[in-house]
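Chains Y and V, in that order, are what the protein sequence lines are. Residues in the first sequence are numbered consecutively from 1, following the numbering used here. Residues in the second sequence are numbered consecutively from 118, following the numbering used here.
Fair warning: there could be bad hints in the mix.
Claimed, not checked - To be clear about the criterion: a stretch of chain V counts as covered by chain Y if any three or more of its residues have a C-beta under 8 Å from a C-beta of chain Y, and this derived list gives those stretches:
hint, segment
1, 253–260
2, 264–274
Said to hold, decoys possible - Some chain Y residues flagged as far from chain V (calculated, every beta-carbon gap over 12 Å):
hint, residue
3, Lys4
4, Lys43
5, Arg66
6, Lys113
7, Ala115
If you are wondering where the hints come from, they were derived from the structure by calculation, not from laboratory data. The C-beta atom is built at its ideal place from N, Cα and C for all residues, glycine as well.
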Amino acid sequence: MSKKILVVDDEPQIVKYLTTFLEDSGYDTCSASNGEEALEVLKKENPDLVTLDLQMPNETGTRFYRNMTKDKKFKDLPVIVISGIPGRHLAVTKPFAVFDKPIDRDALLQAIKTAIG
Amino acid sequence: MLDLSSYDCYRLLDVLPYYVTIQDQELRIVWSNKAHRRDFGPAKQKTCRQLYKIHDSKCVDCIAKKTFEDGEAHSKEMQLTVKKGDRVSVIAYSSPLLDEVNKLAGVIVTSVNITSIKEMQKQLILVGQTVAGMAHSIKNIMMGLDGGIYIVNSGIKGNDQKEIKDGWDIVLLNFDKLSHIVKDILYCSREREPNFGLIHPNMVATEVYNLFKDLASRYSIEIRVDLDSTLKEAVVDPEGLHTVLTNLVTNAMDACKMDLWKDTHLVEIRTRNGFDGSTIIEVADNGVGIDKDLKNHVFEDLFTSKGDKGTGLGLMVTQKIMREHGGSITFRSRPSQGTTFVVTFPQRNLPGGES
Chain Y
1 MSKKILVVDD EPQIVKYLTT FLEDSGYDTC SASNGEEALE VLKKENPDLV
51 TLDLQMPNET GTRFYRNMTK DKKFKDLPVI VISGIPGRHL AVTKPFAVFD
101 KPIDRDALLQ AIKTAIG
Chain V
118 MLDLSSYDCY RLLDVLPYYV TIQDQELRIV WSNKAHRRDF GPAKQKTCRQ
168 LYKIHDSKCV DCIAKKTFED GEAHSKEMQL TVKKGDRVSV IAYSSPLLDE
218 VNKLAGVIVT SVNITSIKEM QKQLILVGQT VAGMAHSIKN IMMGLDGGIY
268 IVNSGIKGND QKEIKDGWDI VLLNFDKLSH IVKDILYCSR EREPNFGLIH
318 PNMVATEVYN LFKDLASRYS IEIRVDLDST LKEAVVDPEG LHTVLTNLVT
368 NAMDACKMDL WKDTHLVEIR TRNGFDGSTI IEVADNGVGI DKDLKNHVFE
418 DLFTSKGDKG TGLGLMVTQK IMREHGGSIT FRSRPSQGTT FVVTFPQRNL
468 PGGES
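With the rest of the complex left out, here is chain Y (with noise of 0.2 Å):
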């Protein structure tokens, strides 16, 4: 089975962009558009991989990122920040990979496939 990756951007052409991209390099996806959509996407879909954007408004990427960590089961799950903004990524303490945009296709792919084949 391929594995999953949930794509959390607030642009709907980003997520477009990003979950095209990913099942043409052969993994499931399923996205959300903020960040409490995406609390509820990820306890239905377990995905194995998490591709946050933290420039959505009202700091929904953070809040969504602090509860997650929150759960036991996915305190360990692997996030990739795609974000715009220096610095940003610092509010996550863990990121897996830090891309900025617009993004280097080869290089997140790269990183997908290092952190979960």
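Go by the hints and put chain V onto chain Y.
Only chain V this time, still in chain Y's reference frame:
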């Protein structure tokens, strides 16, 4: 013939455009030159602190005092209050004045008014911030374009018409965003004469309403118009008014999109006649609202609360247009309840003479 021997030093110092004071051990001003007297009034026997109304704590770095201590020249940038109450920025230099036996007898303080340079410096910082903000927005657009192109290619490869269409829509969306940014930049940088014409503001409001209603419904925001049917025709720049309303409605919709607590969102465009023949247009929303801390920054150039989604150019352009019309822009807002922006266009005559 210019005979310098007839000039005493005071006459020379009087014609200098800088502020010159001579001060004694107690820092009292024993003499001040003409430029100084003009801007600060008679200064004789006052200490500089009394004259400039400097608070004690601000005097720690007194350059005159330092010169008295070590006999060396010193300089410092400082802000002073002139007679009329305005604040001016100066660079002050203090140098020792020696008596016949080379004993330190006083200091001469020369200050150069650098207020206009400070002003320019502020403008330059602003320009720097604009460019940085713009680079940020463009980066985001590039990401969008990158994505759109990828999806189109992926669709072509898989011969998937729907995917091609989806990707192409993303490309177009970002192309659109880019043209908007460029338009805003041009608008800000250009000294443009408004193209005044006699128009019906309700018509422009309806145009903007039609432009946004479909887009709004996609985000489950309802746009309404509440137009005063007795609204008089007005002399405004139709393109300018259109831009003002588009910017305000875009902001109102963004405020709704950022609000996660209400189920139904509403943006309303209202028009009415103001006093003395002015035209008032309001754009109201029930979005996130603007909290106290942000209220003071709303009209700052390039201010945005939308993270990477905003450029801070929108209200800058809006304000510029309102200035060109001699009009005003204000807002009232309550956090998590909504915001209403109010623009007022004063009555004016057509450039040709008739109103």
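Hints, verified against the model:
1. Residues of the segment 253–260 of chain V lying with their CB closer than 8 Å to a CB of chain Y number 5, which satisfies the three-residue condition for coverage.
2. For a cut-off of 8 Å, the count of residues in the segment 264–274 of chain V with a CB near a CB of chain Y stands at 5, and the three-residue condition holds.
3. Annotated as non-interface, Lys4/Y keeps its C-beta farther than 12 Å from every C-beta of chain V; the closest such distance is 19 Å.
4. At roughly 19 Å, the least C-beta separation between Lys43/Y and chain V is larger than 12 Å, which holds for a residue marked as non-interface.
5. Once the 12 Å rule is applied to beta carbons, Arg66/Y is consistent with being away from chain V; the minimum gap is 17 Å.
6. Every CB of chain V lies more than 12 Å from the CB of Lys113/Y, the least distance being 18 Å, so the non-interface label holds.
7. Annotated as non-interface, Ala115/Y keeps its C-beta farther than 12 Å from every C-beta of chain V; the closest such distance is 21 Å.
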